[in-house]
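Asks: So the chains spell out like this:
Number of protein chains: 2
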Amino acid sequence: MESKTLDGLMQPKSVAVVGASSQPGKIGYTVVDNLIKSGYEGKIYPINPKAADILGIKAYPSVLAVPDEIDAAAITVPASLVEQAAEECGKKGVKALIIITSGFSEVGNRDLEDRIVAIARRYNMRILGPNIVGTLSNSQKLNASFAPFLPLTGKATLISQSGALLIAMDASTYIRRVGFEKLISIGNMSDVDFADIITWLDDDPNTTCVSLYIEGFRDGRKFMDACRRAHKPIIALKSGVSSHGAAAAASHTGSLAGAAKVYGAAFQQAGVVQASDLDNLFDRTLALSLQPPMKGDNLLIITNGGGVGVLATDSAERYGLPLQFAPQDLRDELKKHMPEFGSAKNPVDLTGMAGRDWYEDSIRFAFAHPWVDGLVVLYCETSLTDPVDIAYGIKKAIDESGVKDKPVTVSFVGGEQSEKATRWLVEQGIPTYSAPDLAVNALAALREYAIMQQMLAETNEPCLDVNKAQALEVIGRARADGRDSLTEIEAKQVFAAYGLPVTKTQLAKNEEEAVELAKAIGFPIVMKIVSPDILHKSDAGGVKVNIKDEAGVREAYRTILNNAKAYKADARIHGIAIQEMAPWGTEVILGSVNDATFGPTMMFGLGGIFVEVLKDVTFRVAPVAEGQALRMLSEIRGAPILAGVRGEKPRDRQAMAATICRYSSMIVDLAEEISESDANPVLVYEEGKGVRVADARIILKKK
Amino acid sequence: MESKTLDGLMQPKSVAVVGASSQPGKIGYTVVDNLIKSGYEGKIYPINPKAADILGIKAYPSVLAVPDEIDAAAITVPASLVEQAAEECGKKGVKALIIITSGFSEVGNRDLEDRIVAIARRYNMRILGPNIVGTLSNSQKLNASFAPFLPLTGKATLISQSGALLIAMDASTYIRRVGFEKLISIGNMSDVDFADIITWLDDDPNTTCVSLYIEGFRDGRKFMDACRRAHKPIIALKSGVSSHGAAAAASHTGSLAGAAKVYGAAFQQAGVVQASDLDNLFDRTLALSLQPPMKGDNLLIITNGGGVGVLATDSAERYGLPLQFAPQDLRDELKKHMPEFGSAKNPVDLTGMAGRDWYEDSIRFAFAHPWVDGLVVLYCETSLTDPVDIAYGIKKAIDESGVKDKPVTVSFVGGEQSEKATRWLVEQGIPTYSAPDLAVNALAALREYAIMQQMLAETNEPCLDVNKAQALEVIGRARADGRDSLTEIEAKQVFAAYGLPVTKTQLAKNEEEAVELAKAIGFPIVMKIVSPDILHKSDAGGVKVNIKDEAGVREAYRTILNNAKAYKADARIHGIAIQEMAPWGTEVILGSVNDATFGPTMMFGLGGIFVEVLKDVTFRVAPVAEGQALRMLSEIRGAPILAGVRGEKPRDRQAMAATICRYSSMIVDLAEEISESDANPVLVYEEGKGVRVADARIILKKK
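Chain order of the listed sequences is S and H.
Note that the first sequence covers residues 6 to 708 in our numbering.
Note that the second sequence covers residues 6 to 708 in our numbering.
Keep in mind the hints are simulated off the structure, nothing from the lab.
Treat the hints loosely; a few may be bogus.
[Claimed, not checked] Derived pair list, reagent style DSS-like, types lysine-lysine, alpha-carbon separation capped at 25 Å:
no., chain 1, residue 1, chain 2, residue 2
1, S, 620, H, 654
2, H, 266, S, 620
3, S, 524, S, 509
4, S, 160, S, 42
5, H, 654, S, 425
[Claimed, not checked] Which residues of chain H face chain S? A few of them, derived with a C-beta cut under 10 Å, are:
no., residue
6, 279
7, 360
8, 599
9, 636
10, 639
11, 640
[What the hints assert, rightly or not] Covered, in the sense of this in silico footprint (three residues per stretch, anywhere, with C-beta under 8 Å from a C-beta of chain H), are these stretches of chain S:
no., stretch
12, 315 to 324
13, 659 to 666
Virtual Cβ for every residue (Gly too), placed ideally from N, Cα, C.
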């Protein structure tokens with residue numbers, strides 16, 4: 006559905022409260038009261054079959070009795086009455102339902118929820134919820150919720166899957182001084198989901214950053230698409246990343262949590278910045294809502310305290326922005342604004358003697374210097390300086406630098422005056438924190454955002470030379486045979502249909518065929534039993550390698566067959582695979598799963614102990630473009646192996662990346678057929694010499 | 006020196022201010038003013054050659070003119086006058102100098118600093134500083150510093166190597182509501198160092214926790230000893246852990262920063278809890294100063310919000326306290342205090358309907374339950390509950406539980422009322438934070454402390470069967486030969502003197518000797534060139550393995566000699582090593598360095614790609630007891646390799662641990678001789694079959 010249809014929900018001109026009540030303590034009372042107290046300027050229609058007015062506003066027995074149009078209806082009646090309320094709203098032409106009531110899919114009552122969604126679809130209504138706190142907007146002066154007040158005004162919009170957390174965060178905006186334009190409780194997402202709201206917010210002039218608290222959702226692709234299209238930073242705190250936590254999240258929301266690693270990959274691919282915990286969500290939201298992205302890696306730190314300078318330097322490395330020494334001309338200028346024993350290298354230490362002037366002069370020059378991509382200003386409260394005056398100096402210098410396209414964050418460590426200075430700076434649009442680590446982390450969020458935006462601009466060349474029909478034919482034959490897994494030969498045929506460089510493998514149905522095929526492929530060869538009933542071929546004595554001549558083929562053929570029969574007398578045997586023996590190369594593994602949230606998802610890792618002991622693997626939601634494939638190769642711990650160690654030449658990373666791209670296209674193209682797959686091992690040769698897929702496995706979706 | 010001699014510094018009955026001034030803005034003015042304003046009840050003696058009184062207190066021209074005893078003298082005169090001031094203080098019998106003045110070793114002026122230390126030694130005076138802010142104590146009402154006021158009262162004492170940070174932290178105690186008993190600026194540590202103060206504080210009834218901001222120090226062993234002997238938790242924030250940060254720290258303090266990894270190992274071995282940044286130092290200090298250690302792993306989380314419950318569960322896993330489900334009897338009881346849709350599993354979700362009673366009843370029962378080792382209580386502000394009332398309930402329940410030996414931490418997410426509740430709980434001795442992650446992290450600090458205390462209780466069996474004389478003889482011969490490295494044969498002789506299981510290796514000086522030794526050792530054997538001039542033996546063609554008979558020995562002998570001469574014509578050749586060929590085993594590496602701060606330090610890692618690609622190694626300051634050695638084996642990422650992978654039997658971890666212990670004893674015993682060493686590879690066999698050191702290297706200290 007088009008995002009426009011959310012206008013009735015996001016900026017309603019009139020709101021009905023179905024289940025409005027005169028009795029304090031009832032949610033139907035609180036919502037009407039909140040609408041009034043927040044200063045909502047649209048029409049409010051309390052709906053109550055028995056009351057003439059509620060809190061001084063004329064009430065109606067039903068939405069159908071309301072003489073004017075109703076944009077949104079907040080539903081607070083018990084779950085059993087929601088169906089009827091929705092029907093009446095539909096008839097009335099209400100544009101959106103804000104179903105606050107709980108007792109639906111979150112407690113297993115999915116049928117009722119589905120029926121209400123069906124009603125909404127019929128009348129072209131949108132539903133927020135059910136099982137929500139409601140929705141709050143500062144620009145609309147709209148508190149259509151049972152949260153007690155509008156949040157501190159700001160430029161971010163929070164969408165929260167936890168109602169309790171939304172209420173608590175609402176209150177804490179005043180303590181933390183992180184402001185929000187809107188707070189939206191999203192609940193069971195029976196209709197409107199994260200993606201819908203993100204899309205709508207992209208055109209909202211009052212929102213500069215979208216902040217998400219996510220427990221789990223189903224339609225990962227829709228979410229990713231919405232995030233990719235968005236022109237504003239999006240930041241997500243995903244809860245349930247521990248195995249125990251995931252279990253707790255599932256019991257809480259009834260939604261599918263998905264694997265934390267896959268969520269992480271999807272966020273990166275969709276350009277979504279991540280928060281590590283609740284504090285971090287607030288801190289990074291502040292920076293993302295107030296400052297532009299950081300377009301390069303050069304971070305400059307200016308401080309009046311060596312100690313905090315070193316702490317910030319440690320943090321910079323921790324958050325992926327390791328400090329470089331400043332260029333000489335920058336140092337030369339900065340040296341003018343500090344005593345002899347100061348340092349202009351980076352961190353720039355103005356020393357404890359630094360007053361407002363030194364800060365101002367250093368910042369004005371440094372922020373405008375082309376080498377600097379982002380600035381962190383640190384201040385330790387001293388007896389000699391007034392924190393508020395230093396804050397004025399920082400703001401003035403940044404304004405006078407004329408720079409608009411670089412970010413700055415600030416840390417003030419100190420007491421009440423520092424706190425006052427901090428609040429003032431935040432009000433001026435400069436994110437300011439109570440510790441150097443937080444300021445650096447916030448700047449890192451702006452860098453992460455810029456890096457991901459750059460990634461999103463990469464083009465994704467589709468593979469055109471694929472033969473889907475051939476792949477489906479192979480799969481169809483296996484299905485006709487009653488199987489839900491392919492033999493190695495079949496899996497390689499499917500791989501080959503997508504241009505994957507599999508080792509030559511053909512099926513010999515008798516000894517003579519084996520000899521012929523071996524000669525055609527060329528010695529040495531490998532021979533393996535092909536039987537849908539023997540999965541562990543080596544255990545069954547079903548594999549012989551390095552066979553060098555015809556006699557060897559004949560002997561191996563008989564031995565393998567005898568072993569297989571001894572292993573499992575009634576095994577169905579298709580024959581024996583005659584395979585090219587690929588030369589030794591670096592072993593890697595490709596694999597795919599069908600993630601419950603994100604669908605076909607690629608895994609890449611090095612073979613052997615890297616995968617078995619270190620679980621050193623990385624994921625991407627498919628398809629994977631070449632740039633991302635190369636990043637996969639770089640981000641595993643064993644990455645140096647591919648760059649060449651112990652005097653070996655670098656491996657063919659380009660060919661490996663191309664293989665990942667092709668593989669990922671295959672699992673997307675065959676998403677309806679393939680449940681899991683892997684290529685293990687894939688042998689990677691030195692640069693220019695390509696890769697070979699030596700073994701293949703495909704498990705089909707059950708149909 | 007005995008800690009008692011610090012009494013004059015730490016609780017002076019009288020303080021002189023040398024360089025006292027009537028001129029506001031001068032440090033000599035500020036210090037006198039601060040002493041007065043802080044309400045110091047001892048005697049104050051301003052020292053100024055020209056003034057009759059300072060700030061209304063009678064002044065003296067010199068400490069020698071003061072009629073009474075002086076415990077401590079705060080020195081604020083310029084660096085050039087400090088020597089004379091120290092001399093006069095010495096003559097006067099002053100017990101301690103608080104040298105605030107800067108301009109000493111931190112700017113390269115070490116001679117002056119050394120002369121002042123010599124004066125102090127002569128008069129049995131102690132020195133704090135120079136280059137410090139001073140020292141502050143709430144219990145003494147003593148502000149002998151130029152920091153503007155005493156910190157918020159509390160039970161922790163902070164020792165800071167950064168003066169600027171100390172001043173800023175002082176002010177921020179009022180904002181963060183983390184109280185301190187003392188703040189001590191330690192500066193250049195010309196005399197009094199961290200260890201001295203930690204030892205003194207161990208007997209201080211006003212201090213329950215010692216908090217350290219460390220940039221770097223020299224005498225790591227003294228620090229570790231003091232920490233090990235302490236009966237109170239110690240927490241350290243070490244700055245300069247990044248490579249760039251370490252450089253910045255060195256330029257800032259002029260001290261040796263030491264390798265971050267070795268500091269980390271030393272902290273663990275000395276029972277010192279670590280903080281990750283400034284916020285974390287405050288947060289963990291609060292918990293360590295108010296709560297007992299957590300003696301087991303069972304963490305119970307009680308919450309009124311599913312969302313924060315899941316976030317806390319994620320945090321628990323992140324900080325090494327993964328949640329377990331609560332036992333049935335605990336669940337059964339807790340189920341009574343929540344609605345149907347609540348959860349008693351852990352996290353215990355009382356739901357948003359939870360009021361004070363449910364919190365009280367759940368906490369009272371759960372905290373006293375024997376399964377629970379530590380408790381985290383989470384509260385999300387709701388419209389229905391009063392945060393302050395919930396706080397009262399939490400405190401009451403904890404008191405009524407009767408539990409004194411388990412820790413509890415709390416998180417309140419909300420607005421002003423939650424902040425009020427938070428402050429009140431902290432005043433009641435219950436560490437309370439603004440986010441679930443912080444409460445879990447703080448509890449984790451109490452768990453880390455308990456685990457390290459348990460480690461410290463482990464006995465360390467010394468190796469008695471060592472032959473130091475033999476080792477020294479081998480080393481002496483190499484030194485006599487003008488060398489500062491040992492040959493492999495010599496290194497193995499030293500190793501063998503410490504009972505390390507080296508492969509049998511003997512030096513053959515001619516072909517006949519080679520044959521005889523090979524027969525005595527038993528085939529197959531390895532032969533290697535022995536030359537102090539050929540370090541890379543393989544590159545020189547100087548190694549032959551798997552030699553199976555006499556003919557092989559003869560051929561190898563000639564080939565190796567020819568290769569060596571071709572490689573380096575003038576190489577001094579001792580002969581050829583005839584070595585037992587150890588059977589294949591899992592390859593590991595032992596190594597040692599002489600850390601500038603901590604001295605002989607052990608390294609352990611798996612061989613091959615683990616060390617070359619993954620840098621998967623771990624450190625301990627030597628000597629290493631068996632328990633710690635086993636921990637080294639467990640904490641590397643490749644640990645599963647030693648447990649047995651791919652169907653292999655577990656490796657002989659016990660023998661490996663014993664080898665680490667012996668090796669560590671050797672590097673301590675020979676600390677004056679050995680600069681670096683390694684055993685690479687060490688082959689580890691399956692359980693019960695021991696280990697063999699196949700190659701050895703020792704670099705001597707230059708003398």
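Asks: Evaluate each hint against the coordinates.
Replies: Okay, the hints, checked on the actual structure:
no. : hint          : result
1   : 620/S x 654/H : 20 Å, holds
2   : 266/H x 620/S : 24 Å, holds
3   : 524/S x 509/S : 12 Å, holds
4   : 160/S x 42/S  : 22 Å, holds
5   : 654/H x 425/S : 64 Å, violated
6   : 279           : 12 Å, violated
7   : 360           : 13 Å, violated
8   : 599           : 25 Å, violated
9   : 636           : 19 Å, violated
10  : 639           : 14 Å, violated
11  : 640           : 14 Å, violated
12  : 315 to 324    : holds (count 8)
13  : 659 to 666    : violated (count 0)
In the structure shown, a violation is registered for the earlier hints numbered 5, 6, 7, 8, 9, 10, 11 and 13, in ascending order.
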